[in-house]
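Peer 1: What follows is each chain in one-letter form.
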Amino acid sequence: MTEEIIIAGFGGQGVLSMGKILAYSAIMQNQEVSWMPSYGPEMRGGTANVTVIISDKRISSPILHFFDTAILLNQQSMEKFESLVKPGGTILYDSNGVSTPPTRRDINIHKIEGVRLASESGNPKTYNMIILGAFLKVKPIVQADNIEKGLQKSLPERHHSLIPMNIEAVEIGMNQISTVHLLP
Amino acid sequence: MGDIKLMKGNEVIAETAIRCGCDGYFGYPITPQSEIMETLMLRRPWEETGMVVLQAESEIAAINMVYGGACCGKKVMTSSSSPGMSLKQEGITYMAGAELPCLIVDVMRGGPGLGTIQPSQSDYFQATKGGGHGDYHLIVLAPASVQEMSDFVVLGFELAFKYQNPAIILVDGAIGQMMEKVELPDYTPRWSEQEIEEISGDWALTGKKNRKQHIITSLEYSAPPQEIFNHKLQRKYKEMREQEVRFETIHCEDADYIFVAYGSVARICQKATELLREKGIKVGLLRPITLYPFPTQAISDLCSKTKGFLTVEMSAGQMLEDVQLAVEGRTKVEFYGRMGGVIPTPEDVIEAFEKIFSI
Numbered sequence: 012m013t014e015e016i017i018i019a020g021f022g023g024q025g026v027l028s029m030g031k032i033l034a035y036s037a038i039m040q041n042q043e044v045s046w047m048p049s050y051g052p053e054m055r056g057g058t059a060n061v062t063v064i065i066s067d068k069r070i071s072s073p074i075l076h077f078f079d080t081a082i083l084l085n086q087q088s089m090e091k092f093e094s095l096v097k098p099g100g101t102i103l104y105d106s107n108g109v110s111t112p113p114t115r116r117d118i119n120i121h122k123i124e125g126v127r128l129a130s131e132s133g134n135p136k137t138y139n140m141i142i143l144g145a146f147l148k149v150k151p152i153v154q155a156d157n158i159e160k161g162l163q164k165s166l167p168e169r170h171h172s173l174i175p176m177n178i179e180a181v182e183i184g185m186n187q188i189s190t191v192h193l194l195p
Numbered sequence: 005m006g007d008i009k010l011m012k013g014n015e016v017i018a019e020t021a022i023r024c025g026c027d028g029y030f031g032y033p034i035t036p037q038s039e040i041m042e043t044l045m046l047r048r049p050w051e052e053t054g055m056v057v058l059q060a061e062s063e064i065a066a067i068n069m070v071y072g073g074a075c076c077g078k079k080v081m082t083s084s085s086s087p088g089m090s091l092k093q094e095g096i097t098y099m100a101g102a103e104l105p106c107l108i109v110d111v112m113r114g115g116p117g118l119g120t121i122q123p124s125q126s127d128y129f130q131a132t133k134g135g136g137h138g139d140y141h142l143i144v145l146a147p148a149s150v151q152e153m154s155d156f157v158v159l160g161f162e163l164a165f166k167y168q169n170p171a172i173i174l175v176d177g178a179i180g181q182m183m184e185k186v187e188l189p190d191y192t193p194r195w196s197e198q199e200i201e202e203i204s205g206d207w208a209l210t211g212k213k214n215r216k217q218h219i220i221t222s223l224e225y226s227a228p229p230q231e232i233f234n235h236k237l238q239r240k241y242k243e244m245r246e247q248e249v250r251f252e253t254i255h256c257e258d259a260d261y262i263f264v265a266y267g268s269v270a271r272i273c274q275k276a277t278e279l280l281r282e283k284g285i286k287v288g289l290l291r292p293i294t295l296y297p298f299p300t301q302a303i304s305d306l307c308s309k310t311k312g313f314l315t316v317e318m319s320a321g322q323m324l325e326d327v328q329l330a331v332e333g334r335t336k337v338e339f340y341g342r343m344g345g346v347i348p349t350p351e352d353v354i355e356a357f358e359k360i361f362s363i
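Line by line, the protein sequences give chains A and B.
When you read off a place in the first sequence, starting at 1, and then add 11, the result is the number in my numbering.
When you read off a place in the second sequence, starting at 1, and then add 4, the result is the number in my numbering.
FYI, nobody ran anything at the bench for these hints, they're computed from the structure.
Any given hint could be a false lead.
Computed cross-link-like contacts, DSS-like style, restricted to lysine-lysine with a CA-CA straight-line distance of at most 27 Å [stated by the list, open to error]:
hint, chain 1, residue 1, chain 2, residue 2
1, B, Lys283, A, Lys97
2, A, Lys160, A, Lys148
3, A, Lys91, A, Lys150
4, B, Lys359, A, Lys68
5, B, Lys309, B, Lys336
6, B, Lys9, A, Lys160
7, B, Lys9, A, Lys164
8, A, Lys160, A, Lys150
9, A, Lys97, A, Lys164
10, B, Lys286, A, Lys68
11, A, Lys97, B, Lys336
12, A, Lys150, B, Lys9
13, B, Lys359, A, Lys97
14, A, Lys68, B, Lys283
15, A, Lys136, B, Lys9
Covered by chain B, according to a simulated footprint, are these stretches of chain A (three or more residues, beta-carbon under 8 Å) [to be verified]:
hint, stretch
16, 31-43
17, 71-80
Note that the Cβ used here is the ideal one computed from N, Cα and C, for glycine as well.
I would like the entire structure built from these sequences, with the hints used as guidance.
Peer 2: Okay, structure coming up:
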C-alpha cells in the first residue's frame with residue numbers, strides 16, 4: 012500500500028500538524044512515511060501545504076506532481092490541486108472554505124463542513140482533527156488507536172490532557188462527512 | 005535499536021550530534037538550516053553531555069571557533085547555508101592545510117549571491133573541488149533521506165578523524181526541511197582527556213606536559229617543504245579515493261539508460277525510474293553517496309552496457325563534469341537541471357529523459 016496525499020489550506024489551519032499526526036500514526040503501525048512541506052518566506056494567512064506519503068515500502072520521491080488524495084481546505088488550494096489528483100483518486104474538501112466545488116467526475120469527491128463543525132464543537136483549534144477524521148472515514152489507512160498513539164508521540168507531554176478532545180474531533184469528522192460523487 | 009522518531013532532517017543533525025559525543029557546535033543562523041542550532045539550544049546538551057553550543061557573531065567567527073576546538077582534538081562542528089559557507093571558506097582551507105578533523109553541514113539554497121531559501125544543489129563545485137584556496141579536498145557526504153542525515157553525522161566525524169581532514173555533509177534544503185521516520189543512534193559518551201590522548205595524542209594540543217611540543221599550522225616558509233607537505237595531502241586524498249567511495253545503484257543491472265543524481269534529486273529520479281519501468285523502459289539510478297571521493301570507477305564500469313547517462317541536478321550542471329570525466333566519451337552523458345530553488349518533479353524528469361533520448 013502506498014498513499015500519496017496533499018493537504019492544503021491557509022497557514023494557521025493546522026495543515027502541517029495534521030500531516031504530522033497522520034505520519035506519526037502511520038509510524039505507530041510500522042509504515043514508512045515522508046512529510047514534505049511547501050516552505051519559503053511564508054506568513055500567517057498565506058497558503059500552506061504538505062505532501063504526506065505513507066507506504067509499506069521505502070519511499071522514493073518525497074516530491075510529487077500527482078496525488079492519490081487531496082485534502083483541500085480553501086478555494087486557492089482547490090484551484091491549484093483539483094487537476095493534480097490521479098484518475099480514480101479522491102478529493103476531500105471543506106465546503107465552508109471552498110466556494111467552487113470540484114467538477115471532475117473521474118475521481119471520488121467528499122465534503123465536510125469543517126469550519127462550522129469546529130466552531131460548534133466549542134474547540135475551534137481541533138479543526139484539523141475533524142478533517143483528519145473525515146479523511147480516515149473514506150481512507151482508513153491508519154487505525155484509530157494509532158491516532159491516539161500518534162498524538163502522544165507528536166504532542167509535548169504538557170498537552171497530553173488535550174488528547175481526548177482531539178479524538179472526539181476525529182469522531183465528529185468521521186460522522187459528519189458526506190459523499191458528493193462516488194466512482195462506480 | 006535506538007529510538008524511532010518522526011523528525012526534520014535539520015533536527016536530526018542536531019540530535020545525532022549530541023548522541024554521538026560531539027564536544028562543540030559553533031554557528032550563525034541562516035535559513036534553511038536554522039533548526040540545527042535551534043534544536044541544539046532547546047535540547048541544552050551542555051547540561052546533559054557537556055557539549056558546548058554557541059551562537060557566534062558571524063560565520064567567520066564560527067568556523068574559527070571550530071578550528072580552535074579541532075586543534076585540541078575535540079569533536080567539533082558547524083553548519084550553514086550557501087552564502088554562509090562562502091564566508092567560512094578561509095577557515096576551512098586553513099583546517100585542511102593544518103590537517104584538522106571537523107564536521108561541516110551545508111544545507112544548500114538557490115544562488116548565487118544571497119539567492120533564495122528554497123532547495124538547490126548549486127554548491128557542488130564549492131564543496132568537492134576545494135571551495136577555498138589551495139590544493140585540498142573535503143570528504144563530501146550527500147544524504148538523500150532523514151535517516152542518512154543521522155547516519156552521516158556519525159560517519160562524517162569518523163572519517164574526519166580517520167583522515168585528519170574536514171568532512172562536510174552537503175545537502176539541499178528539501179532534506180533539511182522534510183520529516184521522515186528516523187532511528188537515532190544510542191548515546192556515545194564524549195571522549196575523555198585520556199581518550200583524546202589515545203586517538204589524537206600525536207598531534208592534538210592537549211597541554212605539553214613532558215612530551216615534545218605540538219605545532220598546528222598551515223604555514224611553511226620555503227617552497228620545498230610545502231611541496232613535500234602537499235604531496236602528503238595528495239597521498240591522503242588518493243587513499244580516500246581508494247577506500248571511501250560510497251554509492252547506491254538501483255535497477256542498473258539491465259538498464260539501457262542510467263540516471264545519476266544525489267540528495268533529494270536521487271529520490272525524485274528513483275520515482276521516475278519506477279514510473280518509466282512501468283512503461284517498459286529499462287532505466288536505472290546511480291546515486292553517489294560520497295561526492296568526494298566520487299564513484300568514478302562505478303560509473304566507468306557501467307559505460308559499456310549503457311546507451312546513455314542522464315545527470316539530474318538542481319544546478320546548471322556541476323556533478324555533470326565528474327560524470328563526463330568518468331565516462332570519457334564512451335557513451336552519451338546528458339543533463340537535466342533546475343535552478344534557483346525550483347524542485348523538479350518525477351514527471352519533469354521523465355519528460356526531459358524522453359525528449360533527450362527521443363523515446
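Peer 1: Decide, hint by hint, whether the structure agrees.
Peer 2: Quick rundown of the hints versus the structure:
no. : hint                  : verdict
1   : Lys283(B) - Lys97(A)  : 17 Å, holds
2   : Lys160(A) - Lys148(A) : 18 Å, holds
3   : Lys91(A) - Lys150(A)  : 22 Å, holds
4   : Lys359(B) - Lys68(A)  : 31 Å, violated
5   : Lys309(B) - Lys336(B) : 12 Å, holds
6   : Lys9(B) - Lys160(A)   : 13 Å, holds
7   : Lys9(B) - Lys164(A)   : 8 Å, holds
8   : Lys160(A) - Lys150(A) : 19 Å, holds
9   : Lys97(A) - Lys164(A)  : 32 Å, violated
10  : Lys286(B) - Lys68(A)  : 21 Å, holds
11  : Lys97(A) - Lys336(B)  : 34 Å, violated
12  : Lys150(A) - Lys9(B)   : 24 Å, holds
13  : Lys359(B) - Lys97(A)  : 23 Å, holds
14  : Lys68(A) - Lys283(B)  : 21 Å, holds
15  : Lys136(A) - Lys9(B)   : 25 Å, holds
16  : 31-43                 : holds (count 5)
17  : 71-80                 : holds (count 7)
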